[in-house]
Amino acid sequence: MGVLPLARVRAWAQTAAFPGDYGDRLAALATVVLPAELGAARIRSITQAFEKWAREYRAGAEMDHGYGFTRLRTKPMSPAPGYLKQLAALPPALTTAAVIAAIEEARITDLPRTPDGRHVATDLMAFYFRGSDANDLCYRAAIGRDQCRGLAGSEKAPKELPA
Amino acid sequence: MIHECDVCIIGGGITAAMLAQKLSELRPNLSITVVEAGKKIFDLENRMEYRRRSIDYAENPWPGDFIEDQAAKGVISRTMAVGGSALHWGGTCNRFSEEDLRLHSLYGLYTDWPMEWRELEKFYCEAERRLGVSGEPSPLREDWRSEPYPMPAMAMTHNLIELKQWAVKSGIPFWSTPQAKNTRPYDGRNECIRCNTCSICPTGARYSPDFTFKRLLARKSFALHDRTIVRKLVLHEGKTTVAAAQAANYDRPQESVEYRAPVFVLASGYCWSPHLLLVSGLANRSGLVGRYMCGHAFLSAMIEIDARIYPGMNEQHGLISRQFFRCATDKPFVRHDLRVWESASGHEPRLRSAGGQILLGNDLLADWRERAKRGTARVRGYYDVHPDRESALTLDTTVRNRWGDPLPKIEHKPDAATQAREPFVREHFQQLFGTMAKANNGKILSTSAGNYLDHPAGGCRMGGDPSTSVCDSYGQTHDHENLFVAGSPTLPNAGCTNGTLTFVALTLRSAGRIAERFRRAG
Chain A
1 MGVLPLARVR AWAQTAAFPG DYGDRLAALA TVVLPAELGA ARIRSITQAF EKWAREYRAG
61 AEMDHGYGFT RLRTKPMSPA PGYLKQLAAL PPALTTAAVI AAIEEARITD LPRTPDGRHV
121 ATDLMAFYFR GSDANDLCYR AAIGRDQCRG LAGSEKAPKE LPA
Chain B
1 MIHECDVCII GGGITAAMLA QKLSELRPNL SITVVEAGKK IFDLENRMEY RRRSIDYAEN
61 PWPGDFIEDQ AAKGVISRTM AVGGSALHWG GTCNRFSEED LRLHSLYGLY TDWPMEWREL
121 EKFYCEAERR LGVSGEPSPL REDWRSEPYP MPAMAMTHNL IELKQWAVKS GIPFWSTPQA
181 KNTRPYDGRN ECIRCNTCSI CPTGARYSPD FTFKRLLARK SFALHDRTIV RKLVLHEGKT
241 TVAAAQAANY DRPQESVEYR APVFVLASGY CWSPHLLLVS GLANRSGLVG RYMCGHAFLS
301 AMIEIDARIY PGMNEQHGLI SRQFFRCATD KPFVRHDLRV WESASGHEPR LRSAGGQILL
361 GNDLLADWRE RAKRGTARVR GYYDVHPDRE SALTLDTTVR NRWGDPLPKI EHKPDAATQA
421 REPFVREHFQ QLFGTMAKAN NGKILSTSAG NYLDHPAGGC RMGGDPSTSV CDSYGQTHDH
481 ENLFVAGSPT LPNAGCTNGT LTFVALTLRS AGRIAERFRR AG
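Protein sequence lines correspond, in order, to chains A and B.
If you read the first sequence in the numbering used here, its first letter stands for residue 1, the second for the next number, and so on.
If you read the second sequence in the numbering used here, its first letter stands for residue 1, the second for the next number, and so on.
Here chain A stands alone, though its shape is the one from the complex:
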């Protein structure tokens, strides 16, 4: 019977149980990096969706190999263990300044296209702001970019969402 390296077993367990003991820290982070106008309940549900995203991450899954410039790539190791360390390193009384300092220390310059494991703060932001719901929030319109919406009515501007 083969034996899995301990580090891989730990990474799997941390991914499956994410955020483990750091649920409160992640929730606090979400209130700093997500817009307040979403409201507490919506911020909570986005945070839960991010947790689920991390738990369902598949290290080694094939990635899109592209067109024009093409190459075979696979998804890197789960970001969950790194997230836990980063959450642990954040101060319990989380402030905007502390999050900015953490992002500066990680030398992150751009919002990732999809969460890339460099820092839990920017990944949570990418998870939300790169998504269809944030697009709607920005434009205050029911665009539904990632939904299947039918063709009827698409000639009209999307329905306005309340400010």
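Simulated from the structure, these hints should not be mistaken for laboratory data.
Mixed in with the good hints there might be a few duds.
Stated by the list, open to error - Residues of chain A clear of chain B, computed beta-carbon distances all greater than 10 Å:
id: 1; residue: ASP24
id: 2; residue: ALA40
id: 3; residue: GLU51
id: 4; residue: ALA88
Stated by the list, open to error - Dumping the calculated SDA-like pairs for lysine to any residue here, alpha-carbon to alpha-carbon at most 25 Å:
id: 5; chain 1: A; residue 1: LYS75; chain 2: B; residue 2: ASP43
id: 6; chain 1: B; residue 1: LYS40; chain 2: B; residue 2: ARG189
id: 7; chain 1: A; residue 1: LYS156; chain 2: B; residue 2: ALA155
id: 8; chain 1: B; residue 1: LYS413; chain 2: A; residue 2: ARG71
As the structure is a computational prediction, the values presented were derived from the model and not from experiment.
Built from N, CA and C at the ideal position, the CB exists for glycine as well.
Since chain A is already given, all that's left is putting chain B on it; use the hints.
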């Protein structure tokens, strides 16, 4: 294992699907076998989930659609599966124009095709019917068509209506780009429900060859052998006719597989068709197998405009103008299409402000909203470039697949006339983008040039003279009367717009010729 059939089609992409479909209609008793190196991915029921994983995790929406050690330097897609590149294509179905077929006689450039435009036009109509194309006819007289599109054009979204109002102010007519996407239920497939992810259409509204193959598989006389790579074609002893295709199966590598048929058709696209001929040492009396590899170059601009654009309404659908398909014969030569799409470029969320400060939560949203007040048009032109003889696919003996066969290497090279006019072409586009921007208080955010040739073709170019071409206009090779090449490799040049509809039209024309052989044979 020896497998015998009437027609052996090598390659399982859109060309093979269309060829097999038409042959099976023209000659129902014909036994047809398609041999494809990649695997079948026929699980339509899983595509919504593949799409979700692609959006959420950037995972491959077509899992397993490649063969790791079957790659080529210079290839622009790694897709190798039943359905080929048309599994994930955008479905754009533009026609070439008569000028593409008459470059030499009209402009003294490159070469002419060995067929008349009116002849090709009939097969464009057939290709549009078979693929299910929704489109709006061009308003230009030169773009006449003998039949209407099978389906009404894709609905113009609010964004495209806004963009069209902007674009036509520059005096250039634009209209809806034709696409192989159902605007109503068609041919047993669903109507488009605007999922905005055409590279993985979860409903089947966009045509892909798996639908054709699944239907063909219901026929007793049709066989599809996937995960089987044809490694070599061999001739009858002492003759010039092809006797067999020698293959290997990825699941049973120890077993030799041989296909025997009175007719063989290479339908493996611009890369693997000439590659197989070079590996086999066939059809190359002219020395032109793998030569005149072609495609079109492209230039793009992102233009910020005064319009309310809501990114994501239907990013895959755009506008086209064919105004520049024509070029006066007494003017410097430049031919291109012109396309416009909605875009979020310049108006996406960002982590840092223009001053470099990190933005979080409310600040990020406020910054995004401020920048999103104006819209962006993505504008692109595919322009006509013509290949040199040395624009080549060659065998790279330093890189071999698991079977020990050398892999191909593609290096495009434009001919001298194309190189000489490149500065003029770029200047033309700069002026054009500038004119379009100026028309509505626009601002060019960025311009870029493609670093590869898109919609590649060639490598087995057609022609009437066996000393300057590999096959005739039906794809029948000059050297082997029972060996045909279908679709993209036969194109002498790749035009200045998407090529798939032309590949299919030529294939359908070839199918008629191949079917005739069997009628003659009784």
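Here is how each hint holds up against the structure:
With 10 Å as the threshold on Cβ separation, the claim that ASP24 of chain A sits away from chain B holds: the shortest Cβ distance comes to roughly 18 Å. The Cβ of ALA40 of chain A sits about 13 Å from the closest Cβ of chain B, beyond the 10 Å cut-off, so the non-interface label holds. For GLU51 of chain A, the non-interface assignment is confirmed: its Cβ lies about 13 Å from the closest Cβ of chain B, beyond the 10 Å cut-off. Chain B leaves ALA88 of chain A outside its interface by the beta-carbon criterion, the shortest separation being 20 Å against a cut-off of 10 Å.
With a C-alpha separation of about 23 Å, the suggested pair LYS75 of chain A and ASP43 of chain B falls inside the 25 Å cut-off, and the hint holds. Of the pairs offered as hints, the one joining LYS40 of chain B and ARG189 of chain B holds, with about 19 Å between alpha carbons and a cut-off of 25 Å not exceeded. A distance of roughly 11 Å separates the Cα atoms of LYS156 of chain A and ALA155 of chain B; the hinted pair therefore holds under the 25 Å criterion. Distance hint between LYS413 of chain B and ARG71 of chain A is fulfilled; the C-alpha atoms sit about 23 Å from each other, no more than 25 Å.
Checked against the numbered hints listed earlier, the structure breaks none of them; every hint is satisfied.
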